[in-house]
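Enquirer: Model the full assembly from the supplied sequences, consistent with the hints where possible.
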Amino acid sequence: MSLNPDSFFISPADVERELARAGYLADDSIATTVFLAQALGKPLLVEGPAGVGKTELAKAVAQAGDAELIRLQCYEGLDEARALYEWNYKKQLLRIQAAPDGQAWDSTHDDIFTDEFLLERPLLAAIRRSGATVLLIDETDKADVEVEGLLLEVLSDFQVTIPELGTVKAVRRPFVVLTSNAARELSEALKRRCLYLHLDYPQPDRERDIVLAQVPGIEAELAEQLVRTVGTLRALEIKKAPSIAETIDWARTLLALGLDELDEAAVARTLGVVLKHVSDQERAAKELGLGKPSLKS
Amino acid sequence: MTAPTGARRSLVDRHTAFVAALREAGLPVSVAEGLDAVRAMQVIDLGERETLRAAYAATLVKRPAHRQTFDTLFDLWFPAALGDGAVPPDRPIRRRESGERRVPPALDPEVQARREELFELLLSGDDPGLRQFARTAVAEYGQTPGQESWFSSGVLRAMSAETLMARLLNSVLTGQDRGGMAEQVARRTFRDRISRFEDLVATEVRRRIAEDTGVERTARLAVRPPLERLDFASASRADLTALRREVYPLARRLASRLTQKHRLGHRGRLDFRRTVRASLATGGVPLTTHHRPRRPHKPELVILCDASDSVSAFAHFTLLLTFALREQFSKVRAFAFIDATDEITKYFAPGTDVVDAMTRMAAEADLVWITGRSNYGHAIKVFDEKYADAITPKTSLLVLGDARSNYGELSLPILRRMVDQARHAYWLNPEPRSQWDTGDSAASRYGELLPMYECRNLTQLAEFIEELA
Numbered sequence: 001m002s003l004n005p006d007s008f009f010i011s012p013a014d015v016e017r018e019l020a021r022a023g024y025l026a027d028d029s030i031a032t033t034v035f036l037a038q039a040l041g042k043p044l045l046v047e048g049p050a051g052v053g054k055t056e057l058a059k060a061v062a063q064a065g066d067a068e069l070i071r072l073q074c075y076e077g078l079d080e081a082r083a084l085y086e087w088n089y090k091k092q093l094l095r096i097q098a099a100p101d102g103q104a105w106d107s108t109h110d111d112i113f114t115d116e117f118l119l120e121r122p123l124l125a126a127i128r129r130s131g132a133t134v135l136l137i138d139e140t141d142k143a144d145v146e147v148e149g150l151l152l153e154v155l156s157d158f159q160v161t162i163p164e165l166g167t168v169k170a171v172r173r174p175f176v177v178l179t180s181n182a183a184r185e186l187s188e189a190l191k192r193r194c195l196y197l198h199l200d201y202p203q204p205d206r207e208r209d210i211v212l213a214q215v216p217g218i219e220a221e222l223a224e225q226l227v228r229t230v231g232t233l234r235a236l237e238i239k240k241a242p243s244i245a246e247t248i249d250w251a252r253t254l255l256a257l258g259l260d261e262l263d264e265a266a267v268a269r270t271l272g273v274v275l276k277h278v279s280d281q282e283r284a285a286k287e288l289g290l291g292k293p294s295l296k297s
Numbered sequence: 001m002t003a004p005t006g007a008r009r010s011l012v013d014r015h016t017a018f019v020a021a022l023r024e025a026g027l028p029v030s031v032a033e034g035l036d037a038v039r040a041m042q043v044i045d046l047g048e049r050e051t052l053r054a055a056y057a058a059t060l061v062k063r064p065a066h067r068q069t070f071d072t073l074f075d076l077w078f079p080a081a082l083g084d085g086a087v088p089p090d091r092p093i094r095r096r097e098s099g100e101r102r103v104p105p106a107l108d109p110e111v112q113a114r115r116e117e118l119f120e121l122l123l124s125g126d127d128p129g130l131r132q133f134a135r136t137a138v139a140e141y142g143q144t145p146g147q148e149s150w151f152s153s154g155v156l157r158a159m160s161a162e163t164l165m166a167r168l169l170n171s172v173l174t175g176q177d178r179g180g181m182a183e184q185v186a187r188r189t190f191r192d193r194i195s196r197f198e199d200l201v202a203t204e205v206r207r208r209i210a211e212d213t214g215v216e217r218t219a220r221l222a223v224r225p226p227l228e229r230l231d232f233a234s235a236s237r238a239d240l241t242a243l244r245r246e247v248y249p250l251a252r253r254l255a256s257r258l259t260q261k262h263r264l265g266h267r268g269r270l271d272f273r274r275t276v277r278a279s280l281a282t283g284g285v286p287l288t289t290h291h292r293p294r295r296p297h298k299p300e301l302v303i304l305c306d307a308s309d310s311v312s313a314f315a316h317f318t319l320l321l322t323f324a325l326r327e328q329f330s331k332v333r334a335f336a337f338i339d340a341t342d343e344i345t346k347y348f349a350p351g352t353d354v355v356d357a358m359t360r361m362a363a364e365a366d367l368v369w370i371t372g373r374s375n376y377g378h379a380i381k382v383f384d385e386k387y388a389d390a391i392t393p394k395t396s397l398l399v400l401g402d403a404r405s406n407y408g409e410l411s412l413p414i415l416r417r418m419v420d421q422a423r424h425a426y427w428l429n430p431e432p433r434s435q436w437d438t439g440d441s442a443a444s445r446y447g448e449l450l451p452m453y454e455c456r457n458l459t460q461l462a463e464f465i466e467e468l469a
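Listed in order, the protein sequences are those of chains A and B.
Just so you know, full-length UniProt numbering puts 45 at position 45 of the first sequence, and the rest follows in order with no gaps.
Just so you know, full-length UniProt numbering puts 14 at position 14 of the second sequence, and the rest follows in order with no gaps.
A couple of the hints might just be wrong.
Claimed, not checked - Partner residues are not named here, just some residues of chain A that face chain B (Cβ under 7 Å, in silico): (1) P12; (2) D28; (3) S29; (4) T33; (5) R184; (6) R192; (7) L195; (8) Y196; (9) T232; (10) R234; (11) L288.
Said to hold, decoys possible - Some chain B residues flagged as far from chain A (calculated, every beta-carbon gap over 10 Å): (12) V12; (13) R23; (14) R39; (15) S149; (16) G283; (17) S312; (18) K386; (19) R433; (20) S441.
Hints in this document: simulated from the structure, not taken from any laboratory.
The model shown is predicted, which means the values in this text are computed figures rather than measured ones.
Each residue gets a CB set at the ideal place from its N, CA and C atoms; glycine is no exception.
Expert: Okay, here's the thing in structure tokens:
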């Protein structure tokens, strides 16, 4: 398979540079995987715990590639009519009633199954777009198993068959990103068709850079202290480890409270920003020697 | 790497051998995925080892649990260096000759100099430096004179990185920080770096062994089963922590699958009223029938688990998992026994901390009658005397244990009565099936009363729970 002629990126290093311009700090493996997804024209499945920047990655790719982002949010009960396309029944009905008396059924029939009466949903919209497109299929694990079958069909050939209109083929393959929290194991067949990227909590250095980039005005030393503390919290046996998003929230909280050092008192006051289970807070307070956590503040 | 037909041929050979090794280690790599990897190699810079690793990982490894196995094998098939590697000119490698007199490491000035170097690297967290250092250290101390093979123990003993901890902490902490949160955080940072160093040494030792004895052989010895297939009995301390971490995500996955299964299950009774109402739209003809949602089956669970040391790891996981799945079971009561039985439900109240629950259970529950060795017969008798009312016709009874009663009594009639009273009864045995009925195991005698399942790893446990709910 050759390089896509109208590709966004020319090398992994280029990906890293472009994503950084879009405000996303990628490491080596993220950059390489994104580059490969684009070079091989394959969907990219991004899996990992909540809040490590899976959705952000798709948005950053769209921004870096100057492409439009089309998003399909998955949820329980998502079906073809919401994901792919639907006929606009009301409008069709109006058209039939408004038809002049003498018009033959055949021509009416041909009339109401045209583009005008088609409601495009994200998957079809992404396929029909001629411009550069990033299709984000978010929280794929939340959707029912049947949706995976639908995705398989769309993502392997990038075409959709509408019985009344014929087959719609992608003019230009969209860059597809699927995200999953692994609440459910996705099917082998879907995984096989995708490139796989496991995003985990970042290394302290990278997380510090992220905090510095996302929270302007924070001291480098405080950011360093912050990510090390978050790292320690993640190593504890707690129910929900703090995510990158929560680290950033924490940094903002400290900044807003005007705290310039993260000592025991500061952590005890603001622990609720990163740990959201009472038992987790108690455990952290015990392990870090904070005394009693003040849950009210 | 020097096949006569040229580098290209040799690369393809290496690729196919690598994919074969991944499959042998239990990674489901399909032919299509192998081809994807080859295509990926055509568009990336093969000189960059980490890029190649990322490309292989993206195309072949689709489960996080397989990543560690993959990394081990990748390091063997695509080694970072050959032989001693590129040696920095200012630090020549010094090997001891076989006749040389051994000096205890603590007195050897060479060792001390190296430790000083390691100290600086750990303090600064310089990863490439640490990698290079591990390579040199293995070249110097990985092979005892006169021995053929390579060992990481010699390197780790000579460097004894753990003993640098006190100095590392001293150099970043001032007096007032001691004992507080700052020390905790610093300690963890350094512990991570030290274990990173130990990993690097282990990788390096595997690479040297592979150079001497062949990659395939080393791979077979080096690869450990992924976490979900790891035997509870053979898990190390670190594995146990990792396994415990796995319990909540596993419970969440199971719970979502179980609710889905319930929803997809058979439809309930016909809802006459809704059907008639819906038929109005079609002129009184009931085209579509409506049904009442089926009442989900939520078993009441009584768990009777052996808490003696031989099976404790296994019992912990099963208890944790069932309590994490509280929503799936309308009521869970747990009892632990060694040679007496006590109720332990209260230690697992919602929101309790996992580690606490375990320690409190071990310290407070009254599990020992005389010997402190498992006695199934007496334990069952005590249960029957004190808690017979726990088992009702709605109960699913779950017994966890290896059925090794130290040649004591078995109380078969009492257990038979309990099984008859319960709606379902199962026995989970953490021993491999081949060891059942050996020695003091009464597996098949208990197995006649209630179905006994082998349950040795997370996968088997999850499968069983799914069947139960």
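Enquirer: Does the closest beta carbon of chain B sit nearer than 7 Å to the beta carbon of L195 of chain A?
Expert: 4 Å, holds
Enquirer: Can we keep the P12 of chain A interface hint, with Cβ of chain B closer than 7 Å?
Expert: 6 Å, holds
Enquirer: Double-check T232 of chain A for me: the hint is only fine if its C-beta lies closer than 7 Å to a C-beta in chain B.
Expert: The hint holds - T232 of chain A has a Cβ within 7 Å of chain B, the shortest such distance being about 5 Å.
Enquirer: Minimum Cβ distance from L288 of chain A to chain B below 7 Å?
Expert: 4 Å, holds
Enquirer: According to the definition I'm using, a residue is off the interface if its beta carbon is farther than 10 Å from all beta carbons of the partner; does G283 of chain B meet that for chain A?
Expert: G283 of chain B clear of chain A: closest Cβ-Cβ about 20 Å, beyond 10 Å.
Enquirer: When you look at the beta carbon of R23 of chain B, is every beta carbon of chain A farther off than 10 Å?
Expert: About 14 Å separates R23 of chain B from the closest Cβ of chain A, which puts it past 10 Å; holds.
Enquirer: Any CB of chain B closer than 7 Å to the CB of S29 of chain A?
Expert: 4 Å, holds
Enquirer: Is the claim that S312 of chain B lies outside the interface with chain A correct, judged by CB distances over 10 Å?
Expert: The claim stands: S312 of chain B keeps its Cβ more than 10 Å from every Cβ of chain A (closest is about 17 Å).
Enquirer: Against chain B, run the beta carbon of R184 of chain A and see if the smallest gap drops under 7 Å.
Expert: Hint on R184 of chain A: holds, closest Cβ of chain B at ~6 Å, below 7 Å.
Enquirer: Please confirm whether R433 of chain B is truly not at the interface, meaning its C-beta sits more than 10 Å away from all C-beta atoms of chain A.
Expert: 26 Å, holds
Enquirer: Tell me if the interface restraint on R234 of chain A is satisfied: Cβ within less than 7 Å of some Cβ in chain B.
Expert: 10 Å, violated
Enquirer: Let's test the interface hint: is any C-beta of chain B closer than 7 Å to that of D28 of chain A?
Expert: 5 Å, holds
Of the numbered hints stated above, those contradicted by the structure are hints 10, 14, listed in ascending order.
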